[in-house]
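Work the whole structure out from these sequences, hints included.
Chains as they are written, first to last, in our numbering: chain U, 1 to 319; chain W, 1 to 319.
There may be inaccurate statements among the hints.
[Claimed, not checked] Sample of chain W residues facing chain U (criterion: CB under 8 Å; computed from the structure):
id: 1; residue: Tyr248
id: 2; residue: Thr253
id: 3; residue: His254
id: 4; residue: Met258
id: 5; residue: Tyr266
id: 6; residue: Asp268
id: 7; residue: Tyr270
Just so you know, the hints here were simulated from the structure itself, not pulled from any lab data. In this text, all values refer to a predicted model and were calculated from it rather than measured experimentally. Beta carbons: idealized from backbone N, C-alpha and C, even for Gly.
There are 2 protein chains.
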Amino acid sequence: MVDETTVHLEEASVPSVGEGEALVRVRWLSIDPTIRTWMNDVQGYLPPIALGDVVRSAGIGEVVESRSDRYVAGELLFGMTGWQEYVLADEGASAMQKVPAGLDGPLALNVFGITGMTAYFGLFDVGKVAPGDAVVVSGAAGATGSTVGQIAKIAGAGPVVGIAGSSDKCAYVVEELGFDAAVNYKTEDVAQRLRALCPDGIDLYFDNVGGDILDVCLAQLAMRGRVALCGAIASYNDTERPSGPANYRYLITHRGRMEGFIVLDYADRYPEAQAAIAGWLAEGKLLHNEQIVHGLEQTPDALNMLFTGANTGKVVVEL
Amino acid sequence: MVDETTVHLEEASVPSVGEGEALVRVRWLSIDPTIRTWMNDVQGYLPPIALGDVVRSAGIGEVVESRSDRYVAGELLFGMTGWQEYVLADEGASAMQKVPAGLDGPLALNVFGITGMTAYFGLFDVGKVAPGDAVVVSGAAGATGSTVGQIAKIAGAGPVVGIAGSSDKCAYVVEELGFDAAVNYKTEDVAQRLRALCPDGIDLYFDNVGGDILDVCLAQLAMRGRVALCGAIASYNDTERPSGPANYRYLITHRGRMEGFIVLDYADRYPEAQAAIAGWLAEGKLLHNEQIVHGLEQTPDALNMLFTGANTGKVVVEL
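Quick look at the structure:
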C-alpha cells in the first residue's frame with residue numbers, strides 16, 4: 001500500500017509559462033490501479049515513476065494562462081497531469097486534449113476516459129463479446145468492471161455475472177446496473193456459484209483482479225472461451241512473487257484464449273467508443289458513478305481504496 | 001508414470017467380423033503425451049479412458065478380413081486402434097481412414113499424422129508465425145517440437161530456438177534439423193540463454209511442456225507475442241496440483257496472447273497441411289525421425305519415454 005514512505009507532499013513554485021505553453025490548474029485526478037504498477041521498479045508498458053518525480057496520473061485541469069494558440073484560458077484539458085496542482089501543457093510531448101464542452105470533469109475521466117475505453121475495447125476487440133455469451137467480470141463494482149458488465153448487457157451477452165467483495169456491491173451491480181447476477185467472493189464459494197450461474201461455462205471472463213478468481217474462471221471456460229486480461233489488482237501490492245493460474249491448462253482442452261491489452265493502443269479509435277458511449281448514456285442504458293475524494297493530500301489514500309475495496313465506481317480526486 | 005498398477009496385458013479372442021466391418025491387425029501405435037492425460041479421471045477434450053477399457057491410442061493396421069465395401073484386405077488403415085493387436089473398423093463411429101499407398105506406417109503417424117498436423121496448425125493458425133519471428137519451442141527434439149522448429153524455419157522465422165533436455169538433443173536439432181540454436185534446460189540457465197538468443201523478445205513460444213519453461217518464456221515475450229499451448233508434459237504425471245505461470249501478467253504489459261488448441265479441430269484441413277508437408281519432404285527441407293519400439297508389451301514403457309526424455313523424434317510401437 002502507498003504510505004508516507006512512498007510519497008510525500010512537496011511545495012514548489014508555480015512554473016512560469018514559456019512560448020507555446022499553457023499553465024493548467026489541475027482540478028480532477030483519475031485514480032487508476034495501474035498507477036500502483038508504475039511505482040514498482042520494473043519496466044512495464046510505461047517506464048516506472050522515477051524516485052523524486054511527481055506521481056504520474058491522468059487528470060483534468062483548467063487553463064489559467066496560455067501562450068499557445070492551441071489552448072484558451074478557462075477551457076478544460078485532459079492529459080497526464082500528475083499528482084500536482086499545476087502542470088504545463090505544450091504543443092509537443094506534453095500536449096493535452098480538450099475536454100468536450102459541457103462534459104463534467106469526473107464523467108470525462110470515467111466512461112469517456114480511460115475507464116470507458118478500457119471496458120469498450122477490452123470487451124469488443126479483445127474479448128470478442130457476442131450475443132448470448134456468458135460473461136463474468138471481476139472488480140464488478142469498480143470503475144471498469146461496472147462499465148464492462150453494462151456494455152456486455154447492451155451487446156446482448158447473458159448471463160452477465162459480476163464478482164465483487166461485499167453484499168452491497170453485489171446488490172448495486174444487480175439492482176442498479178442490471179447485471180444478471182453477482183457473487184461475493186469474500187463470503188461465497190466462487191467456483192460453485194459460477195458453475196450454477198454459467199452452467200454451460202464462461203464464454204468471456206474480463207479479468208481485473210488476477211489471483212484465485214482468474215484460476216477459478218479458467219477452469220470453467222466454455223469451449224473457445226476467452227479471458228481478457230485487463231489487470232491483476234489482487235497482486236499489485238504483493239511483496240512476494242504471486243502464484244500463477246495453474247488452470248491455464250484448460251486453455252488447451254477448451255481451445256481457450258487469454259489475451260492482455262493496454263487501452264492506449266486503441267487511442268486512435270477512442271472517438272468510436274466515445275460516440276457509442278454517449279448514445280448509451282443518452283438512452284439511459286449506461287449508468288456511471290464517480291466517487292469523489294477531496295484534496296490533493298488525500299490522493300495516496302484514494303489510490304489505496306482501489307486495493308482495499310473501499311470504492312464503488314470511479315475514484316476521482318477533486319483538488 | 002505408467003506401470004503395472006496402471007495397465008496390464010490381457011488375452012482375448014479375436015473379434016468376429018460383422019456385416020459392414022473389417023478386421024484390422026494393428027501394426028503400429030502412435031505414442032503421444034496426450035494418452036497420459038486420458039488416463040486421469042477428469043473430463044478433458046475427450047472422456048477419460050474408463051477403468052477396464054483398452055488404452056485409447058491412434059495407430060495403423062492392416063485389413064485382414066473385410067465385410068465392408070469400404071475396406072479391402074491388405075490395405076493400411078489409420079484410426080483409433082487402441083493398445084491391442086486387433087480392432088474392428090466399421091462404417092460409422094469406428095470408421096478408419098486409408099493410409100495413402102506407398103506411405104510408410106511410422107511416417108504416416110509422424111509428420112503426416114497428428115504430430116505433423118499439430119506442428120502445422122499450431123504454428124500457422126494459432127501461433128500466426130511470420131517471417132522474422134523469434135520462435136522458441138520446447139520439447140524440441142520430440143516428435144512435435146522437432147517438426148515445429150523446422151516448419152518455423154521454412155516459414156522464414158528466425159531465430160528459431162529449441163529447448164531440450166540433453167546436449168545430444170540440442171546438437172541434433174541444430175546440426176541435423178537446422179534450428180538456429182538450442183538450450184539444454186537441465187544444465188543451462190534458460191532465462192539467461194533466451195535473453196541472449198532472442199534479444200528483442202520471443203514472438204512465438206510453442207509450448208509442449210508447461211511448467212517453469214512456460215513461465216520463463218512469458219517473461220520474455222516480445223510486444224504482441226504469442227504462446228501456442230500444445231501440451232504440458234512437465235506436469236502430466238504430477239500427483240499434486242502444479243503451480244501456474246505467475247508471469248502470465250506479462251501478457252498484459254506486452255499485449256500478449258496465450259491460446260490453446262486441439263489439432264482434431266483442424267481435421268477438415270489436414271489435406272492442406274499434408275500437401276505442404278509432402279512438398280517440404282520432397283525438397284529435403286523437412287526431416288523426420290521415428291524411434292521404433294518393438295512389441296505390444298513395451299507400449300507402457302514407450303509412453304513413459306516421452307516423460308523421461310528417453311526419446312528423440314516420434315515414438316512408434318511396432319507390433
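So, going through the hints one by one against the coordinates:
no.: 1; hint: Tyr248; result: holds, 6 Å
no.: 2; hint: Thr253; result: holds, 5 Å
no.: 3; hint: His254; result: holds, 7 Å
no.: 4; hint: Met258; result: holds, 5 Å
no.: 5; hint: Tyr266; result: violated, 11 Å
no.: 6; hint: Asp268; result: violated, 15 Å
no.: 7; hint: Tyr270; result: violated, 17 Å
Checked against the numbered hints listed earlier, the structure breaks hints 5, 6, 7; every other hint is satisfied.
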